[in-house]
Amino acid sequence: MEDRLRISISGIRGKVPQALNVEIASKFASAFSSYLEKGTMALCRDCRESSRMLALSSISSVSASGLDCIDFGRLPTPFLQFFLNKNNYSGGLSVSAGHNPSPWNAILLLDSEGFYLDASEGPEVFNIYEAGWFEKAPWDKLGKIKESVFPFHLYLEALSKIVHFKEIKKAGFKITADPCNGAVSPFLKPYSQFFGLKTITLNDETDKPFSHSPEPSIENSSQAEAVVKATDSDLGFLLNSDGSRISLVSEKGKGLSEEMTLPLCLISLKGKIKKVVSTVASSSLVDWAAKETNLKVIRTKVGQSSVTHTMLAEESKAGGEGSGSFAFLPFSPGYDSLLALTLILDLMARKGKKMSEIISPFPLLVRKKIKIGVSPIKIYRVMDQLEEKYSKENPDYTDGIRVNRKNAWFIIRPSLTEFILRIMIEGKDQKSISSIEEEIKERIEI
Amino acid sequence: MRISDLKISISGIRGIVGQSLTPQLILKFSEAFSSFIGEGEIGVAQDTRPSGNMLKYSVFSGLLSCGATPIDMGILPIPSLQVYVKSKKLKGGISITASHNPVEWNALKLIKKGGFFLNLYEAEELLDYYYQGKFKRVHKSGIIKKEAHSFRIHENKILRTVNTQAIKKKRPKVIIDPCGGAASPYVKNYLENLGAEAICINDQLSDGFPRNPEPLPENIEKLCESVKKYGADIGFAQDADADRLAVVDEKAKPIGEEYTLALAVKHYLSYKQKSPVVVNLSTSRVMEDITKKMGVKLIKTKVGEINVSSKMLEIGAKIGGEGNGGIINTEVHACRDSFTGMALILEYLACSDKSISQLRQELPTYKMIKKKVKASFSDRKRIFNLITSKFKQGQVNTEDGIRIDYPEFWLHVRPSNTEPVMRIIIEGKEEKLINSIYSEIKERL
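Residue numbers (my numbering), protein chains in the order written: chain A, 1 to 446; chain B, 447 to 891.
Please note that the accuracy of each hint is not assured.
Result set (DSS-like, lysine-lysine): computed pairs, CA atoms no more than 30 Å apart in a straight line [to be verified]: (1) A/Lys-146 - B/Lys-816; (2) A/Lys-208 - B/Lys-668; (3) B/Lys-668 - A/Lys-189; (4) A/Lys-141 - B/Lys-668; (5) A/Lys-141 - B/Lys-592; (6) B/Lys-634 - B/Lys-614; (7) A/Lys-189 - B/Lys-614.
Simulated DEER-style distance windows between Cβ atoms [said to hold, decoys possible]: (8) A/Lys-189 - B/Lys-619: 53 to 61 Å; (9) A/Pro-101 - B/Arg-606: 49 to 57 Å; (10) B/Ile-589 - A/Ile-420: 30 to 38 Å; (11) B/Lys-827 - A/Gln-18: 41 to 49 Å; (12) A/Gln-18 - B/Lys-836: 53 to 61 Å; (13) B/Arg-606 - A/Asp-207: 39 to 47 Å; (14) A/Asp-396 - B/Glu-485: 50 to 58 Å; (15) B/Gly-486 - A/Ile-420: 33 to 41 Å; (16) B/Gln-650 - A/Asp-207: 33 to 41 Å.
If you want the footprint, here are the derived chain A segments under chain B, 3+ residues with CB under 8 Å [unchecked claim]: (17) 26-40; (18) 61-70; (19) 129-143; (20) 171-178.
Keep in mind that the hints were calculated from the coordinates and are not lab data.
All values reported here derive from a predicted model rather than from experimental measurement.
Every residue gets a Cβ at the ideal spot worked out from N, C-alpha and C, and that includes glycine.
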């Protein structure tokens, strides 16, 4: 089970080297560049110990297929998506496993606009991969390989235009950043200078292994919580390895659930948006925030691909997930942690309120996220059995099984990225979610 | 029978880019090499073929994947890489070059500790890694180091072994044709440092190599013209990875690649020191004449640089090489090295105070035919049988294919390591005789 490769539109993902290795990266890059229109592909990678070798073999394959190659080296995936969105390229490839722990890595495929491939494009690439049907350019038509530096000033300029730049600058916030030694680390200094922030940064050594699990969450917040308290910061935050997710720490040094990020972004954008796309696995805080700001909520399957493509289809500018992910199409099609952070700083600056004050009207909800390892052979059989057991409660089958009850709701679904069942239970009190947890565990037969 | 242009053999991996030589194959081969060599630093050099860049990324990735640390040495001649691997005590080296093959080809040449090619057993072990796909992959890949000044180490080593003062005094005018290959960025400056006046032609790639990269007389017409035009004392031609050297005399005539080695060896034995000489079984008899006259031993080995260089180190021979223009001087390094060759021949010009055509005339003249015929494995056996039954009276040597010696001529028939062909070499004093022997063999095939 540990050795298996997970191939989906959320990436080609696995543990290095037993599941994912340079040979597989090389073939996927060949398949993807054979699928794309001729032109130039842009590439980047996060700071994982295996990312460099996977990126190098990908670059070689892109060149061999006849596409030129622009290599940004270490760069957050959302920056690459921003770049693709503003420029004319054939597509993009990022070597990054975002929130997965260290031996994992992934190859993410991006279209010419910077979106994740959609549910029909992804399988096309996988078919080319399986068939080994790769373009082979002759020696004088090989793609040129160019190393390049990401134009971060353009990114910052675009970001400043969607927020109240002067107010943020004037507020002069003190913030504590924990990028988890990930790809955003080197950008925090110029970002802080640009927005007039006094930033205390922990874990920004990109050559070192992850300081803790790269998943932004309350469990991983303790370091940032302590530093926020010690330095009297106005806000603290945690990022994943490629800067697509963010969770916050209030000025009181209290870690906030990653589920709070999306509702806070929606409140910040009040009046500028009419709809929001989220997933069936995201907190009902989204519904609350949508009500406060007069938004229509559209819920879809989990994953950046389905959320952002639904945003396009539903003409919704905003979208995101409870994992601490947020995208705003007028800015970029990628889940982008610095975008979310800037929107939240904007909110704090305009309201002149502290983070704990901003979240005080939020409904008090308790939630539990559970992972249960299930072998890939059994996972769909288990889902089948659960469907039967819950069929009377009129479940939502958009992604896995979602059941709404009076004081709580829960979702059980197979992960897109790992061989696990992901379960989330959210309710008004601890008692109701505990009883649901027991019930689910009883009903799952592995 | 379909013969693929891909050749995975003990000589490495070779094929045509855009057809058989894919990034995936190069990647796997580099992983096999890295697994075979173990963790440590591996120098990576390339010749000037445009496909070198694409392949280099796969080589880096494959090396990192199995725990090695690649050193990016950029465009560099293969002897310079070998010298570097030895002097910096690297674990090994990879040169991305298809040496004398046309520009659409490329290949990996593999170098082990000490700066040598792999021997037969090592190459077999490497191929086991490759075919079994059992690579020693790691999840933490290291970094890539860079080295831009590696040629200087090679050059300084050569300069210490020759009398540059004598060359400077004479200041011969040299035309150099590196065929737009790996020597191009370095060779003019190198010749100036040796004490020559150097004019470089064909120093760039445009739509492929400016000429066929094999430095045979028929491929170096432009060099001959330039020698004439500039009134030069000598012309040199290198192949794309700069291990082989051809010489053109002051009368603009190519002296033939067999005589490159002969001049260098004769000079070494006459003006520098006595030493046994090692050559391969396909090398001209002129070497026998020279060594007999100088009273030193001549030893013949199987064809292939590693066979000659190992034998040289084993018996402590200082000078030797292969008849195709590959000169080895172990004082620099036990590898074929066109730069060492140029140094010795220029020193010869200076010490003897004679012209190249005079020096050439002092050597006996032989005629040599080098042919290759397409041959599968079954053909090979038939050809061997034919040769042995036809030339029963001669002295037979079966160390590497079949070599048969007669007083008037010798012939050597062996399967190639790099192409699906048999190489046939016949040498004698009488052109008529060797031509008739060749047509006799050809008729029977």
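These are the hints, each one checked on the structure:
1. Between the alpha carbons of A/Lys-146 and B/Lys-816 the distance comes to roughly 44 Å, so the proposed pair goes past 30 Å and is violated.
2. Taking the CA atoms of A/Lys-208 and B/Lys-668, the gap is about 56 Å. The hint is violated against a cut of 30 Å.
3. About 59 Å separates the Cα atoms of B/Lys-668 and A/Lys-189, which puts this hinted pair outside 30 Å; it is violated.
4. Between A/Lys-141 and B/Lys-668 the CA atoms are separated by roughly 28 Å; this keeps the pair inside 30 Å, and the hint holds.
5. Proposed proximity of A/Lys-141 and B/Lys-592 is supported: the alpha carbons are some 27 Å apart, at most 30 Å.
6. Proximity of B/Lys-634 to B/Lys-614 is assessed by CA-CA distance (about 15 Å); at most 30 Å being required, the pair is judged to hold.
7. At most 30 Å may separate the alpha-carbon atoms for a hinted pair to count; A/Lys-189 and B/Lys-614 exceed this at roughly 58 Å.
8. Hint check: A/Lys-189 to B/Lys-619, Cβ distance near 59 Å, so the stated range 53 to 61 Å holds.
9. Checked against the hint of 49 to 57 Å, the pair A/Pro-101 and B/Arg-606 passes, with Cβ atoms roughly 54 Å apart.
10. Separated by about 33 Å at the C-beta atoms, B/Ile-589 and A/Ile-420 satisfy the suggested range of 30 to 38 Å.
11. Taken as a hint, the range 41 to 49 Å holds for the pair B/Lys-827 and A/Gln-18, whose Cβ atoms sit roughly 45 Å apart.
12. The hinted range of 53 to 61 Å is satisfied by A/Gln-18 and B/Lys-836, whose Cβ atoms lie roughly 58 Å apart.
13. The hint said 39 to 47 Å for the Cβ distance between B/Arg-606 and A/Asp-207, and at roughly 40 Å that hint holds.
14. Checking the proposed 50 to 58 Å range against A/Asp-396 and B/Glu-485 shows it holds: the Cβ atoms sit about 53 Å from each other.
15. Checked against the hint of 33 to 41 Å, the C-beta distance between B/Gly-486 and A/Ile-420 comes to roughly 39 Å, which is consistent with it.
16. For the pair B/Gln-650 and A/Asp-207, the supplied restraint of 33 to 41 Å holds, since their beta-carbon distance comes to about 39 Å.
17. Coverage of the stretch 26-40 of chain A by chain B holds in this model, with 3 residues showing a Cβ closer than 8 Å to a Cβ of that chain against a need of three.
18. Figure legend: the stretch 61-70 of chain A, annotated as covered by chain B; annotation consistent (3 residues with Cβ-Cβ distances under 8 Å, at least 3 required).
19. With 9 residues having a beta carbon nearer than 8 Å to a beta carbon of chain B, the stretch 129-143 of chain A meets the requirement of three or more and the stated coverage holds.
20. Using a Cβ-Cβ cut-off of 8 Å, 0 residues of the stretch 171-178 of chain A lie near chain B, which falls short of the minimum of three, so the contact claim is violated.
The structure does not agree with the numbered hints 1, 2, 3, 7, 20 stated previously, though it agrees with the rest.
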